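In order, the protein sequence lines correspond to chains A and B.
With the working numbering, the residue at position 34 of the first sequence is 34, and numbering never jumps.
With the working numbering, the residue at position 409 of the second sequence is 1409, and numbering never jumps.
Just so you know, these hints were derived from the structure itself, not from any lab.
Check before you lean on any hint, since a few could be wrong.
Said to hold, decoys possible - Computed footprint of chain B on chain A; a stretch qualifies when at least three of its residues, placed anywhere within it, have a C-beta under 8 Å from a C-beta of chain B:
#1 8-18
#2 24-32
Stated by the list, open to error - Output of the computed footprint for chain A on chain B, the stretches with three or more beta carbons under 8 Å from beta carbons of chain A:
#3 1067-1080
#4 1401-1413
#5 1495-1507
To be verified - One-sided and incomplete, this derived list gives chain B residues near chain A with beta-carbon spacing under 8 Å:
#6 G1173
#7 A1334
#8 R1438
#9 Y1460
#10 I1462
#11 N1463
#12 L1516
#13 A1521
#14 S1523
#15 K1524
#16 V1526
#17 R1549
#18 W1554
#19 S1557
Bear in mind that the values here come from a model prediction, so they are computed numbers and not experimental data.
Each residue gets a CB set at the ideal place from its N, CA and C atoms; glycine is no exception.
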Amino acid sequence: KTNTIARVDQLVLEDAVTEREVLVPPDLNFLFEP
Amino acid sequence: MAKTTFRFNKPIISTSDSFIATDELLSRLAALHEELSTTVQGEVELSSLDAYRLALVSKKLLRHKDLGVRSFVACCLSDVLRLYAPDAPYTEPQLTDIFKLILAQFEKLGDPENGYYIQQTYLITRLLEYRSIVLLTDLPSSGRLLEELFQIFYDDTKVFGQKLFKVIGGILGEVISEFDSVPLPVLKMIFNKFLTYNPGKVPEGLGVVSNCGYEVSIILCDSYSSRMSRHLTKYYSEILYQITGENAVSAYDSKPSAFRTVEKLHKLVIRLWENVPDLVSAVIGFIYHELLSDNETLRKQATKLIGSLLSVNSSINFVTTHSDTFKAWLSKIADVSVEVRQQWVESVPEVLSVRDDVSQEISKGLTKTLIDSEYKIRKSSVLVLSDVSVQRIWMSITNATFFSCLLQLTREKNREVRELCILTVAQFYTESLEKIARTNQNADVWEVVDTTPRVLFELYYINDQHINEQVDHAIFKYLLPFELDNEKRVKKILNMLSNFDKKAFASFFAFNKRQLQISLALSKYVEFCDELNAKKDSEDDTDTANRFRKTVDWLASGLADKQKGTAALEVLKLLNDKRVFYLIKTCIANDVPYSSLVNSMKELIIKIQDPALFRKNNVRNVSNIIPKEIAHELEVLLYRSSPFIYNVSNISVFLDVGSHYSSDEITLKRKLLDNIAEVNPSLFKEQIKTLKDTVEKHDVIDSNKDV
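Next comes chain A alone, as it looks inside the complex (with noise of 0.2 Å):
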């Protein structure tokens, strides 16, 4: 009998940034440059 259920843990997407990385973007220093 073939098992046809999967472990969730190999499912699924693990973080790649932290608290203090999450939604942070680039500087917008270049529009302020003279």
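Given the coordinates of chain A, assemble chain B onto it according to the supplied hints.
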């Protein structure tokens, strides 16, 4: 008791010596019929009838050119058979000729205007009443006669009166009851009628014309179920064997016609289950073995069949009546074949929608298929929530584990499953809040469902642009849809945050902090567009042009499709539409009231897809992007750069910490206010008076305490 002597004594066969005109013959036959029909069996001296017994089977009468003569002869013969019973008054050849005549008369029943309908009706009624019709079964040619008999009544070109259906059904039923083995063509006629005629499927508003064959099939299956069960078993097994008996596996799969044949058999089973469910017992064994067959396609078709049987309305409960087969069907969630497992899942929505007695078994199965090793099955399992109403889902799936797994799949590696799952849980959560009351019974499930917003906000940590974009969409389409009432809108925000943990709050606060940055970038983008479009020359190396390109790159870098994002922003510059730019600036303004923001965004998204906009500004469609795509890219940017959450219209409600708010809500409000003070304190400038009043009120309260 002395028997009576038959009184009629006129000749009925025309001879050269005694010619009988047709009219006279009809008159005599009518009189003979009248007396015969009123003669009681056992009370007449049969010898006085012998002359007519023989005369009636004369070829001159049996094949008389006049229909009326033949009709009356048939009627008389039916009574002769009755009166002589149980003795056989005719030889087999004679009886064969008699039944040929009788069948010809039955044919005329399908033409009520033939002139002798009364006689033909009498004939069929008498043959049934005294079961004389079963004599047909003893003849050498009984098989052929049986087929002809059924062909007559199953001929849709004929119009049989509804009042005759029961009699016809009885005639056919009595006949086949005498056959241990009914020819396959006859069985096909009976059972195929369930496939070709379905009064329940007639479009609404149209009348249903009765169908003799269909009604007869119903009567046969209802009134002669014991015999018909055996016939059905034979029918099903013979057809199934024809396509699976020899080289079953390879032969079956290589023949599309075999697939269609099984499909028809299964459709028949469904129709029988709807109309005469008792009969299905005759073939349930075959279906059970199909579920367990070595052949994948057969298992798949059988799985589909059971799903249908569970879904259709029937007077018998399939689950309790055929529990072994039901259990075999449930086991298909673990079938070695992906196709079979897929079929099982696809059957679920319909079953859940119509019955609640198997919810527990099915929800257990779904919990497993949700984490099937094959992504298509996981996807189909998620789709169940889209295909079944929210109320029904809550009634049927009471296992919190299912919903826990579902939320986990929002992180699914497979993009198809993930995207469907994110959308589905967002929709389900929103609809549940609107429609599902909280009770002690569903508290466990609610505990999981309530975490949906937190789960979605934590998807940002995967740091995938496609995922981020979809989460944005889920938030603003479902968690925080456009709501113009300030109180209701803030209520939604607080409810969304109510189950947040530290991690989710971090991404939430980051989202709102980033909003200001993207807003700044987008406003600069518009500014650069104005400057560049105002210039007559087309220099690309100016400071403004360089900053423009960097700004476009910056804005596009956060989008799922950077190239599309870049193209969209470049087209917007080419369009150079004042209204478009005005609307963008309105949406992203820090002090834009919520209603203005919503209205501007709606107008903008519609306008950007208007072909007239491109014509008016003399801009051809760029080959690598279309207006709809431009609208999509712009929509994402606006979700991120517009103050939907930290909006000036919300601040006054956030500041309201009156007694009608729960302590949890007040705590959340303060948390939000703290963050707003940190990232965008200018939003408070419109609230100076409110804050001043609050302070004064506080002082008054303190003064009272001192007194």
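Hint by hint, here is what the structure shows:
no.: 1; hint: 8-18; verdict: holds (count 9)
no.: 2; hint: 24-32; verdict: holds (count 6)
no.: 3; hint: 1067-1080; verdict: violated (count 0)
no.: 4; hint: 1401-1413; verdict: holds (count 6)
no.: 5; hint: 1495-1507; verdict: holds (count 4)
no.: 6; hint: G1173; verdict: violated (47 Å)
no.: 7; hint: A1334; verdict: holds (5 Å)
no.: 8; hint: R1438; verdict: violated (27 Å)
no.: 9; hint: Y1460; verdict: holds (5 Å)
no.: 10; hint: I1462; verdict: holds (5 Å)
no.: 11; hint: N1463; verdict: holds (4 Å)
no.: 12; hint: L1516; verdict: violated (10 Å)
no.: 13; hint: A1521; verdict: holds (6 Å)
no.: 14; hint: S1523; verdict: violated (10 Å)
no.: 15; hint: K1524; verdict: holds (6 Å)
no.: 16; hint: V1526; verdict: violated (13 Å)
no.: 17; hint: R1549; verdict: violated (10 Å)
no.: 18; hint: W1554; verdict: holds (6 Å)
no.: 19; hint: S1557; verdict: holds (7 Å)
Hints 3, 6, 8, 12, 14, 16, 17 from the list above are not met by this structure, while the remaining hints are.
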